[in-house]
Amino acid sequence: MTITASWYLVVAAILFGIGAIGLLIRRSVLVMFMCVELMLNAVNLTFVTFSRTLNDIAGQVVVFFVLVVAAAEVVVGLGIIVSIYRSRRGTTADDLHIMHG
Amino acid sequence: MLHSLAYIPGFALAGFVIVLLVGSRLGDPKAGWVATLAIAGSFVCSVLTFSGLMGRTSTGRSYVETLFTWIPVGSLHVTVSLLADPLSITMALFVTGVSTLIHLYAIGYMKRDRDFSKFFLYFNLFVFSMLMLVLSDNFVLTFLGWEGVGACSYFLISYFFERPSAATAGKFAFIVNRIGDFGFLMAMFLLFDHTRTLSYQGVFSKTAPPSCPSGPGGTLGHCVAQLSSGTLEAVCLLLFLGAVGKSAQLPLSLWLADAMEGPTPVSALIHAATMVTAGVYLMARVSPLLHLAPVASWVIAIVGVTTAFVAATIGTSQDDIKKVLAYSTVSQLGYMMLGVGSGAYVAAIFLMVTHAFYKALLFLGSGSVIHAMGDEQDIKKMGGLRRYMPITSVTFIIGWLSIAGVPPFSGFWSKGDVLDGAYTKSPILWAVGAVTAILTAYYMGREVYLVFFGEPRFKEVALNHGGDASTGHGHGGEPHEPTWHMWVPLVVLAFLAVVAGLLNLPFTSGLGYLEHWLTPVFGTTHLALSTSAKWLLAGSDAVLALAGVAIAWSIWRRAWDRPELEPNFLRSSWGLYKVYEYLVSKPAQAFANFAQATVETRIIDGTVNATGGLVAWTGLRLRKLQSGYVRNYALAIALGMAGVLIYLVVRAG
Amino acid sequence: MTLSLLGTSTIAVPHIDYSAIGPELVMIVGALVLLTVAALVGKNLARRFSTLFTVLVGVVSLLASLKIWFNVTGAHHVAFSAVDGAVVDDGFSAVILMLVSIAVIFVGASSEGYLSGQSIRSPEFSVLMMLSASGAMLMGSANDLIVMFLGLEIMSIALYVLAGSDLRKNKSGEAALKYFILGGFSSAIFLYGIALVYGSTGSTNLAGIAQFLATTLIIHQGVLLAGLGLMIVGFAFKVGLVPFHTWAPDVYQGSPTPATSFMAAVAKAGGFAGFLRVVFSTMGTLKLDWEPIIWVLAVITLVVGSIMAIVQRDIKRMLAYSSISHAGFILVGLVAATASGIAGSLYYLFAYLFMVVGSFTIVGAIGGSDDLEDYRGLIYTRPFLATGLGVLLLAQSGIPFTTGFWAKFEVVSAAVDAHSYAIALIAMVSAVIGAFFYLRVVVFMVTAKTKAQVSDSVGEEQDVSVGAQLVPSSGVEGGLVGGGPEYGGDPTYSLAVPSESGRSDEVDTDLDDSGVPERIPVGFGVGLVVSLCVGFTVLFGLWASPIVDLATKAKLVP
Amino acid sequence: MIPMLAKVSVPDATMFVVSAAIVLLGAIGVVLNRNPVRGALCLVATLFGVALLFLEQRADFLAAVQIIVYGGAIVVLFLFVIMLLGVDKSERLGRDPLSWQRFLGIVAGCLVVGAILVLAHIAWATGTKSVSGVASSKTVPNINLLATSLFTTYLLAFEVTSALLVIAVVGAVLLARRRTVVIDLDGPSTGLPRDDDPEHGGGYQDQTNPDPDSRGDLDGDNGDRGDRDDLVQVPEGIFEEHASGGHGS
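Chains as they are written, first to last, in the working numbering: chain A, 1 to 101; chain B, 102 to 754; chain C, 755 to 1312; chain D, 1313 to 1561.
Rather than coming from a laboratory, the hints here were simulated on the basis of the structure. These numbers come from a predicted model, not from an experiment. Built from N, CA and C at the ideal position, the CB exists for glycine as well. Misleading hints may appear alongside valid ones.
Partner residues are not named here, just some residues of chain B that face chain A (Cβ under 8 Å, in silico) [what the hints assert, rightly or not]: (1) G153; (2) V600; (3) L603; (4) A735.
Covered stretches of chain C, going by a simulated chain B footprint (3 or more residues, C-beta under 8 Å) [to be verified]: (5) 847-858; (6) 983-991; (7) 1038-1052; (8) 1058-1067; (9) 1073-1080.
Turn these sequences into a full structure, and let the hints steer you where they fit.
Okay, structure coming up:
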């Protein structure tokens, strides 16, 4: 018998939390961005686990779409980072706060 | 000629549109003439409608003209429709009539002003809003007019926006009026919630008690009771809150005095014809509700008489020629509210009409004094002007005697009616009102003596006004009469102030024209007074007025500076400003100082300030949270998410 | 049986009703065609062509949306779901489709001048705009959480790029990056919500979820609630509800103005479409659970949005906060949680679209540094734009005879009808606060600078980026009781804010010299869009019933 | 109901524990590593661990895709950008301007996870089984099931992902093209004509601002006027050749 689904889901939840914490405490835009990927992976794991529990393929299909979304996000996000980095030094998110209030 | 009804506001609106479109091209004085003619057109239409109503039997004198359906939303069905009934037409008549004269006057007064056409733009819009307020057949449209006059007064009071005090006064008026509007809105919601309608007829039809053959409500009332008395009281009190703001009753009176910052014709318009009478009108309009709300009536009467008294005392110590008049307006409005609260609606309306005449007269007169004195407004620096300005002096004195209630001037009759009504409600109300009557005669007398009698206390008038360039002697050193645009309205108003008492003479019921005329609206309201009591009261009114005049004469005939009679307490408006300050601005100041200590100091602008310290302070704190750091923003999201989830944990138990 | 079918590797492709997804298809195909043409023609492609093409695509998509509208609201027609339940066409989605199409038309038509002024290549801008619109449309008509998520991502990712498309400005890049990081974060949260909802209901199909919730009694609904909560967070981010609003001011300010205009209109339309559909329609049975959350969000959004708008000095930032406050109002309709509440929200979205697109179009056409101080006396230099902006701002403040008034009225009265008196009261109070900052701009525009203020401000260098502090010193007092005996004309609390430079001198000179100030021509597209927005706002403010009827007819079908 | 107390075979348990450990340690590595390159490698570890967890749950195809797409494409893209920008050194950790951010961030993250775990402590999946096709079957391979669902129930979703990809392409093009870069005059001298040079500017007209008047708008951005005075714009190509040497890895 395999491990019960709950364990996978707990792992996913913790992974989600780690990703969120990383996004909150890191200052490098690239790392923040990787943390978003961690969160998306947590979601993927959740979907796949539910897919198994419910014996329903939809959960796996979703993961497929999430992969596409993640890829598109990465392309655009890295494009933005590159375009910003070209005009100013430093990629920490803290360097960008000319607008506030 | 009932179909001229829609043209009453229509002319004013047309004037507004024309001035808006081509006003700056027309310029001075053509734009003013367009505006004046537009209001005159409204007046003519009012007269036509009036004669049309006269042609009907007294029960048929109510007519609704629906222009278009405005919103059919669910159960709320609001139409843009105008109601012609004796009350609204009375209002329309004097609003348009007096406004026409004030417009004419303003052509002379505002001559050479940089924004001449803009002034008349607001002016016409102001009158239009007031007419919508008056002629509407439902609460919603009245409210729109209500808001409209509020907005216009904001623009007009801060017309000289370069003067900080003018800008501030405008905002002050705006804020106070918003407080009142809040009451009006809540009353509307409450009414709609209970009656599912907002037209006057619809609401009144659900208020009258089951057996009401000829009660108030008259033609409007159908005898179905649907509103509980508690609701009625609440609605009336909320509406009264609106009226307190708009009609400058205590404790929201001070904005009206500050509103003196506007040009004098604006003051005349606000005080005499539009705006402040709106509150009284509203209360009179809802008299079928008020009649069933004894508590609210008492509150209104007490607030009214208190306002009348307090404002009169303040009036005795003011030095600004317009401020005295402003407080007299507050005081007179208090009388009107007293009339409304006492159930003497006709008397209140009567006083409103006569007051419109003599108050417009007094303001325009003061305007011509100010004009002649080169924008000096301190009465301590005037004196002896009757020798220089005979027309202004005579008309102003007529206005004084009228407001003082000296027989046979109009004020005597109208104020007498209100006091009679108060007496039937409670002798105490009457007593306070009577004391106020003495004060009224006294403080107005003081002003008249200081301005027109005694020795001239000015040396050389700084003639910075351009009104007389056309006559060629604009740069002399002496005060003089203004141009004909300005004195003709004075004469007309003076005439009206003298004879308006004829509208409603108390001797026999046959002479009470106004009362008969308004019967379809207010029902028959016979005062429970014997004829002898009436005579007695009338006599005492006359004595009181003359006593006030005599006191003023004895004190101020020669003297001009009697500090012991002008205590600082009264001069500073019973410390009401201090109260406002301690309740509102001191805490705000404390916040501000705290903020100043921690952050760099800069003022953002007056509008922010006007919203009060709390909002600004909160905004400041919140701005700090909006730090510009993206991590911080993400933290806000994460904390928000945590909050949502923790709530759900609690919820799921 | 199914299994045997699966075994033979033939896949029965479901019937696709192309008219049901017409608007989305038009947008995507339009974008691809424009892209192809641009690629073939190269850089010789005239900007005007792409502008016209965008408008054309918008119009076609609007027609397609109208077709859907008449299909679902006609006498013999009902709402239906298409493409194997992936999308649903009901009155609500049809209205959202229309709104997004209109936004594309307006922004497309008005952006030309701005884009050429800022040297932004327009084919990419237009392409991304159309694609983003297709995403919003998918959100509006999605009947499946996956489709909704994809719609959200299509919309958002394109918006990230649009926000950063003004490459010459650091602010634009910063806006894009902030939007992107926070957007990615919120997308992940939203997706996790979908996952949990999927796990607890066994379906991603909205109809399936609704049916499951209606027929099943879930004893342990913790996961479902968590999923719902996370999805609410995701939506709240997209529509800018406090405290998930933090991106909005910065992004609105930094983005090129047409992009701001587009995102303000479309992201709100799409976001709220999904929000209302999921929360109200699908999760309606959980009303007791989500209502307090929505209530609190609405309250703090209303209050914070209004208060923050007051202390802004940048017009775009101020409009951003005002749009946050508008989101609060729209949410009031959801708090009411009745059919009339939803109709009110939809009406609000409709009115809001015209007001916000018009306002931002004007702001873009005025150009400059967006500092409010530059708007002083604008009515004398740019009378058309200033008048339009004045009307739209007053409409946003909810002044009667405009659609803005009816919008507020509809949601508040729906709340009152649903006996949510507290929120109705708070909404009204915040409308009052709001009136101040809208009126402030209007007053700025009609008041010319006085000599004293000009001389005060000349030579006073002021760094605008940090210069926006506010300290209400004596001014606070001045505002409320300044009329008292002690006022002595303290010059510091007049309407004057020290300006950034003496630039406004020119305004004064114009006025004093001739009274006929220099007139800067307004581009045709901008003029048209502004006229349409103002016209709509005023016309349907006076004659409210058609749009009210439209919103009332547009029912949500679970 | 999930078989909560079912017996678990030792290999399965080991497999799970190991993969979960890889996942979580990798994630912690991403968060804690100051060096972005190492962070990216930790991300690979996590992705690999997740793929293992997929495999354990019979999502074979997804496990493969996870490795190929995520590990193979996405992380490589990350690394590529890290190298391109030359930020492969450790993050500068000066004084944190937001001192409480870190603490509150961890608190918020823990609260979120905690709340989710509390909400789910009894029952994770409560839905009905198999609405859109079973996830595993004895006769049909996982990949077929996936494809069937993808091309029936999720056909529209599948199609619209094309829009997403178009956006990614167009967005990348828009963000990368027609760059006007700001470099330091004190930095490596380019020796090449600047684009504001009237003699040579024409050739770069397409790449730069076609409207010479609005050039001055460069710092219309009031917020960051900082030290713009000693900066000039040069076209992209020049930057690539001469200016990037200053901070190569």
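Provide an ascending list of the numbers of those earlier hints which the structure does not satisfy.
1, 2, 3, 5 and 9
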